[in-house]
Each structure stands twice: as structure tokens, then as C-alpha cells.
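Residue numbers (my numbering), protein chains in the order written: chain U, 1 to 350; chain C, 1 to 285.
Rather than coming from a laboratory, the hints here were simulated on the basis of the structure. Check each hint, because a few of them may be wrong.
[Said to hold, decoys possible] Covered, in the sense of this in silico footprint (three residues per stretch, anywhere, with C-beta under 8 Å from a C-beta of chain U), are these stretches of chain C:
hint, region
1, 172-185
2, 195-202
[Said to hold, decoys possible] In silico contact screen, one side only, chain U against chain C (beta carbon under 7 Å); selected entries:
hint, residue
3, Leu52
4, Pro72
5, Asn83
6, His89
7, Phe98
8, Ala103
9, His180
10, Leu323
For every residue, glycine included, the Cβ atom is placed at its ideal position computed from N, Cα and C.
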Amino acid sequence: MGSVTLNNIRKSYGAVEVLHGIDLQVDDGEFTVLVGPSGCGKSTLLRAIAGLETISDGQISLDNEVINHLPPKRRDIAMVFQNYALYPHMTVAKNMGFSLRLAKESKSEIDRKVRAAAGILDLVPLLQRYPKQLSGGQRQRVAMGRAIVRDPEVFLFDEPLSNLDAKLRVQMRSEIKELHQRLGTTTVYVTHDQIEAMTMADKIVVMRGGHVEQMGSPLQLYDRPVNVFVAGFIGSPAMNFIDATVQNGTVITPSGAILGPAPDSLPDGSAVTAGIRPEDIFLSDSGAETTVGLIEPTGAETQLTLRMDGASLVMTTRDRVTLSPGDAVHIRVTEGKLRLFDTQSEAAIW
Amino acid sequence: MNETARPYYWAFISLCGAVIAVYILFPIFWLFLASFKTRDQLAQLPIAFWPEEPTLQAYRDLFDSGSQSSQLLNWPTLISNSFTVAVTSTIIVVILGTFAGYAFARLKFPGRDLILGGLLVSRMFQGAALLLPTYRLMNTLGLQDSLLGLILLYSAFGLPFATWIIASSLREIPVELEESAMMDGASRLQAMFLVVLPLATPALITAAMWHFVGAWSEFAFASILLESSANKTVTIGLASFVELFTLEFQKVGAAATLVAMPIMVVFFFGQRYFTRGLLAGAVKG
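Looking at chain U on its own, in the form it has when it is part of the complex (with noise of 0.2 Å):
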């Protein structure tokens, strides 16, 4: 077992308070993804929950014991940072042992729990070599294997991709979720990549101001994002936001565009923002009018920039696309995936 319950958890660095009052359930085996921009307070959050870090109010919980006052080597949690911090003096073996040295165990015992964690993550040729002489990857490795050789409870990850190239960090993510699913160690992940949280979570927390906005899962969170703030955060291409006005029951651009029907609430004459996911536009032979922008192909589909009302709008389609700059096109929103938001508190509205 290995839930995480936070309660009310708050903290301040002198009269600045950084969290406030954040509850967080992550439950036996869930992969939890903290996410937001710099400075949104996640890593404090984890630091917290890791003991490095004491909070001014709340409770942090470990399978419904209260761990707030016990120092970390005492919380049965490991931690992989965003440097590895690998010991720089000790072989990949030692590293990887040092936890199971600390707590005493017998050199034999140490050598076969090394082996079977090396042997999980590929490192059993790398064993005797020095941080210096492994590649990013392999680091990040070591770093995994130092967290697993004790099988603990939780497992926290603080951006532990963010010093890798691209194509390395697709890979490790990859690597990572394998790792989840074939150990079902509870994981609390953090990164400022939504494609990460994206891609890798059970459960995604976003995070802005040391509040938390919406948790729930990837898809949950995609389709129906709680305000301005998470739709915009979730997705790439970002989703697209249009001011606009409901009339006679539909949501209309400034220019008198139809963008779709509005619901029976919204009384007409109502400002809203309306938000639409790049890939819900499509080219139609009616609809509003918008002018190519940009053309950027990828090779399994084209992402068109389109100008419309003096914005700018992201459309994605699977389509080879025979448009050039400046071509007029008339585009519609798949029904139903429009969403609005109020436009003052930011706030979804449908």
C-alpha cells in the first residue's frame, strides 16, 4: 500500500505564501502527475511531500498515517531529481546501493538487490562505471534505479526529463510508464510538459499560483477543462480562444461568423470566450471565412494558421493540404466541441 492523502496543505516563505490549502488524494499504485508553469508551486508540493521541504499548515498523509514530522529518510519515499544527483564519487553500483548500505544490510543482499534493479533498467554492463562516464539516458537510469533498488511506497520525480534532448525524453517517458506498470508503486510525477502529464498520467494535476485548478484524468481534463486557464495548459497545439457574442441561440464572431449553436442559458447579448481545439476546425464549403496564415506539414498531418477577425487560429487536419498563404478558406467546428467560457472569472461555462 501506498496512498498519499494531502490535507489543506499550505506554505509560506515569510509573508509570501506559495501553497494554498492544497487537498490531493492519490491513491495505492496511481501515477499522478503534477503539472503547470514555472513557479506554480509543484515542486514545492513534492519537496513537501518528500520532507525536504516543511509545510506552515496541512497534513501529508502516507497510508493514513501522518508523516508530516518524520524527516525524510524516515517516510519510505523515493525521489528522482531533475539532476539525477548522482553521487559523482561512487560507481553506479555504489549509487545504486547506498540507500540499502545506509540501512545496514548485508553486502550479499546489497549485490542481488543491485543486480535485479540493474537488470530491470538495462544498467547491469554500466554497474562499475562513474556518473561522469554515462550518457544523459543512463543517468537518468541510475537515478530511476537508486529510487527502485529500495521498493518503496511512493515514488516522487521532479521533472526528471527536463535535461534531456528530445528524442531521449520520448523514450525515457516511455520507459517510465513501463517502469509504473510493471512495479504499481504509487507516483508522483512532476513536470511543467503537459505532453508528458499527457501521455504518462492515471490522474493530472494542474497547478497555477500554489492553487490547484483542476485535477482528473488526461482525457478528463482535455475534454472538459474547468476554465480558460487548463484548456489553454492541455493540448498541443494549444486550444484556441475567440471572443464572441450568443445571438439568436448561436455563438457568433465579432465579424457575424457562426461558430455554433450556444446553450438555452445563455441569454442573447452574452460576451463569452469561446475556446475550440485546433483539431475540432475543419474546411468547409460554408462557414466563417478565414485567411491562410501559415502552412507547417509535419508528415502524418499539416497544421494551417488561419487569420480570422484579426486573431489568429491553429487548425490540425490528417488531410494533404494544397493551399497556399493568403488562399481564403471557410471553416466549421465539429458539433458538439465547442466549448465557452465565461469571460470575465475565465470559468466554463459548456
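Using the hints, position chain C against chain U.
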């Protein structure tokens, strides 16, 4: 600088370096060579650079209990006293400097940077200005003419710089390494001893070397505090020796070589750490 000028530039720099090295080292080398000559060879004209028949007689005279120089100055005692003072104060300075440096590097407390800066400022006082107050203080404490007094004094003088060097070096070591160790089950002290200090070895060696050399060659305070011949150190011995044997320059050379030997040994084994330790914090890693 263009490509053709570059070799000339480096040749010029190297030449300047060589001239400065010869300028500084020649007197020391001359003294060293003199220690292998006889008194007659030293007096002969024209001056011979290399000893014609190298001899260790001057060194034997220092330790030969029958010789005049040995009766006036007991070199084994002088050396033993200097070792006691230099080694003990080095151990004290490195141990206390390590803990203090760690505190300055890692812990947050009011006035931390001010105090660390203050430590460095304390190094800027001329030692001579402190001679009299130190003498009175030692007298009051009953520590004059004792090796313990000198050990405490040297430790107090050496601690600020050692602390500063060690703190600078520890600040370069990512705090995540320590946090990682603590997540792995280490206490703060274990994290410090098992992870941080092995990585700070160059700084620890530098601090130790710097202090040892300073303590070994210190003269002013030793000369005003130590009175009995049983407590005197090599620098005082050497000063007395130069006065007594001005005309026997080969013996002066031998004594000076003997006194300089531990420092040379320390630098020989520690020099690769020395620049690394002193440069800690100078550039981003």
C-alpha cells in the same frame, strides 16, 4: 590577436614567467647548494656555483651532539615542537572549519553572509598590530611560553580563512546530492560525511596545506610568546642560528633547507588540489 602573433605572445609570456621564477627561486637554490659545500669552498674566489665535492657535513653538524651548533640549538626538539603546533592546529582548523563552512554554505541564519564576509575581513589585519594584545591575552590566560597557547592562537588565526575556503567549495556542491542522500536514508551528518565531504576534498586539502604552511613558518608570535628553549619552534631556531653562525653559511643553508623541507613535501603532494581548492567558486562548473 591574429594567428601569426599568437606564438610570439605565448613565448613572451613564458619568458616573463621563467625570469620571475629564476628571480624568486635563485636565492633559495643558492642556499640549498651552499648546504652541500664546505666553509672553504664558500669562501673561495671566484665563486663556484656547484659544490666541488658535495658533503652532508653541515647537516651532520646540526644533529651531532658533539658539535657546537647542536649544543646551542636542539634541532630535534625544535622540529618536534613545530610539528606538534602545526599538525595539531591544522587538525583543529580543518575540523572546525569544515563544520563552520558547512553551516555557512547550507544553513540559513540571520547575518550569515555578513559574518562570512567578516571572517575574510579579519584576515586583512596586520599581524603586527595584534602582537601586543595577543601577548597580554596569553599572559592573562597563563598560556604564554606554551605550545598549547600557540596551537590555540594559530587555530584562531587560521580558522576564518579555512572556513571561507571550505564554505565556498561546499556552495559549489549541488544541494540535491545531500537531499538525495537524505531521501536514501542518511541523516544530515551522514549526508555530510558520506557525500559532501568526499567531494570537497580539494578544499579540505587546500585549507589544511594553507594552514600547515602558515603555522610551520610563523615567526612573530612564536618569538614573543615562547621563551624556554624546550618550547621553541624551528623558525625561532633558524633565526637564532643565522645570528650565531653568520660566517658558516653552509650550516645556515642546511638549517634553512631542513626547515623548508616539510613545506616542499606538502606542496609536492598537495599541489594538484591546491589550485582547484582555491579556485572553488571562481567559475561556474
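Interface hint check: Ala103 (chain U), Cβ to nearest Cβ on chain C, cutoff 7 Å. Holds or violated? holds (6 Å)
8 Å C-beta criterion, at least three residues: is the region 195-202 of chain C covered by chain U: It holds: at least three residues are needed, and the region 195-202 of chain C offers 3 whose Cβ sits within less than 8 Å of chain U.
Per the CB criterion, is Leu323 (chain U) less than 7 Å away from chain C? Constraint on Leu323 (chain U) not satisfied, violated at 49 Å.
Would the hint on Leu52 (chain U) stand, with a C-beta cut-off of 7 Å toward chain C? For Leu52 (chain U), the interface hint holds, since the closest Cβ of chain C sits about 5 Å away, which is under 7 Å.
Per-residue hint verdict: His180 (chain U), partner chain C, C-beta under 7 Å: Where the cut-off is 7 Å and the nearest Cβ of chain C is about 19 Å from His180 (chain U), the hint is violated.
With 7 Å as the cut and Cβ atoms as the points, is His89 (chain U) at the interface with chain C? holds (5 Å)
Going by Cβ atoms only, is Asn83 (chain U) closer than 7 Å to chain C? holds (6 Å)
Per the CB criterion, is Phe98 (chain U) less than 7 Å away from chain C? OK, holds: Phe98 (chain U) within 7 Å of chain C, min 5 Å.
For the region 172-185 of chain C, count the residues whose Cβ lies under 8 Å from any Cβ of chain U; is that count three or more? holds (count 10)
Per-residue hint verdict: Pro72 (chain U), partner chain C, C-beta under 7 Å: With a closest approach of 5 Å, the Pro72 (chain U) hint holds.
Of the numbered hints given earlier, the model fails hints 9 and 10; all others are met.
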